[in-house]
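Student: Chains as they are written, first to last, in our numbering: chain A, 1 to 114; chain B, 1 to 114.
It should be emphasised that the hints constitute simulated quantities derived from the structure, not laboratory data.
The beta carbon of each residue, even a glycine, is placed where N, CA and C say it ideally should be.
One or more hints might be untrue.
[What the hints assert, rightly or not] Coverage of chain A stretches by chain B, computed from C-beta distances (three or more under 8 angstroms per stretch; other residues unrestricted):
1) 8-18
2) 102-112
[Claimed, not checked] With a cut-off of at most 27 angstroms between alpha-carbon atoms, the simulated DSS-like pairs for lysine-lysine come out as follows:
3) A:K68 x A:K58
4) B:K57 x B:K18
5) B:K3 x A:K58
6) B:K3 x A:K49
7) B:K71 x B:K3
8) B:K70 x B:K55
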Amino acid sequence: AQSVTQLGSHVSVSEGALVLLRCNYSSSVPPYLFWYVQYPNQGLQLLLKYTTGATLVKGINGFEAEFKKSETSFHLTKPSAHMSDAAEYFCAVSGPNAGNMLTFGGGTRLMVKP
Amino acid sequence: DVKVTQSSRYLVKRTGEKVFLECVQDMDHENMFWYRQDPGLGLRLIYFSYDVKMKEKGDIPEGYSVSREKKERFSLILESASTNQTSMYLCASSLSRGLAGEQFFGPGTRLTVL
Numbered sequence: 001a002q003s004v005t006q007l008g009s010h011v012s013v014s015e016g017a018l019v020l021l022r023c024n025y026s027s028s029v030p031p032y033l034f035w036y037v038q039y040p041n042q043g044l045q046l047l048l049k050y051t052t053g054a055t056l057v058k059g060i061n062g063f064e065a066e067f068k069k070s071e072t073s074f075h076l077t078k079p080s081a082h083m084s085d086a087a088e089y090f091c092a093v094s095g096p097n098a099g100n101m102l103t104f105g106g107g108t109r110l111m112v113k114p
Numbered sequence: 001d002v003k004v005t006q007s008s009r010y011l012v013k014r015t016g017e018k019v020f021l022e023c024v025q026d027m028d029h030e031n032m033f034w035y036r037q038d039p040g041l042g043l044r045l046i047y048f049s050y051d052v053k054m055k056e057k058g059d060i061p062e063g064y065s066v067s068r069e070k071k072e073r074f075s076l077i078l079e080s081a082s083t084n085q086t087s088m089y090l091c092a093s094s095l096s097r098g099l100a101g102e103q104f105f106g107p108g109t110r111l112t113v114l
C-alpha cells in the first residue's frame, strides 16, 4: 500500500522568500511522484512529476522538487515566492504496477504575505 | 490540450434528492475517476473506471454510484443526497499506459446539500 504525508497543512512565507513544501511517501515499489497545484475554485493542475532518471525535477512557474530515495521524500521548492503562488499544493504517488492509481497527501495551503 | 469538463461548478440540493454529476473528457482516455475533496483530508477516491461499462470502488464508495456508458463520459450519482455529502467533487482522466499515471482534472463541482 502507498501513502503520502505532507507536513504542515498551512505554510506562510513572505513574498521573495524561499518556498519549501514537504512530502514524504511510502511505497513498496519504485514510485512515480507528482506535485499538483490547486488555485481557488479550480481543479488540480500538474506542477511537476518524477518517473525515472534525474532526481531533480523542474516544473512550471519556477518550482522544482528532488526525489530522495533514502529519505523517501519529494519536497517542493521555489527560490522566491510570488503572490500568485498562493494556492493549495498536493503531493501524490503512484507506482508502475498501481494501475495508474494516485494516492494523495492531505494538501498544504501556501499563503504569501506582501 | 486535454480538457476535462464538469457539468456544474456549483450545485445546491436538498436532503433525499437524487443528484447527477457529469464529467466529460475529450482526449480518448481509458481511465476516469471521481474524487471528493474535504479540508485537511486531501482527495479521496470514490469510484474509478478503466473502460466503458466497467467500474471499481475506491476508498469511499458508500452512498455513491457511477455510470460509464460512453468512453468520454463518467457520471457520479448520489441516490439520496445527505448533508455529509456536501463537498467539492473532482473528476479526472488518464491514459491506461504511459505518462506514469498522470491524471488530468476538471474544475470541480462544489455541492451543497441542505
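Student: For each hint, tell me whether it holds in the structure or not.
Tutor: Taking the hints in turn, this is what the structure says about them:
Residue count for the stretch 8-18 of chain A with a Cβ under 8 angstroms from a Cβ of chain B: 1. That is fewer than the three needed, and the coverage hint is violated. Requiring three or more residues with a Cβ within less than 8 angstroms of a Cβ of chain B, the coverage given for the stretch 102-112 of chain A holds, as 5 such residues are present. A C-alpha spacing of about 15 angstroms is found between K68 of chain A and K58 of chain A, which places the hinted pair at or below 27 angstroms, so the restraint holds. The hinted pair formed by K57 of chain B and K18 of chain B meets the criterion: a straight-line CA distance of about 20 angstroms does not exceed 27 angstroms.
Distance restraint check for K3 of chain B and K58 of chain A: the Cα-Cα separation of roughly 24 angstroms lies within the 27 angstroms cut-off, and the hinted pair is therefore satisfied. Using a Cα cut-off of 27 angstroms, the hinted pair K3 of chain B and K49 of chain A holds, with the two alpha carbons roughly 19 angstroms apart. A hinted pair counts as satisfied when its Cα atoms are at most 27 angstroms apart, and K71 of chain B with K3 of chain B qualifies at roughly 14 angstroms. Using a Cα cut-off of 27 angstroms, the hinted pair K70 of chain B and K55 of chain B holds, with the two alpha carbons roughly 12 angstroms apart.
Taken one by one, the earlier hints fail for this structure only at number 1.
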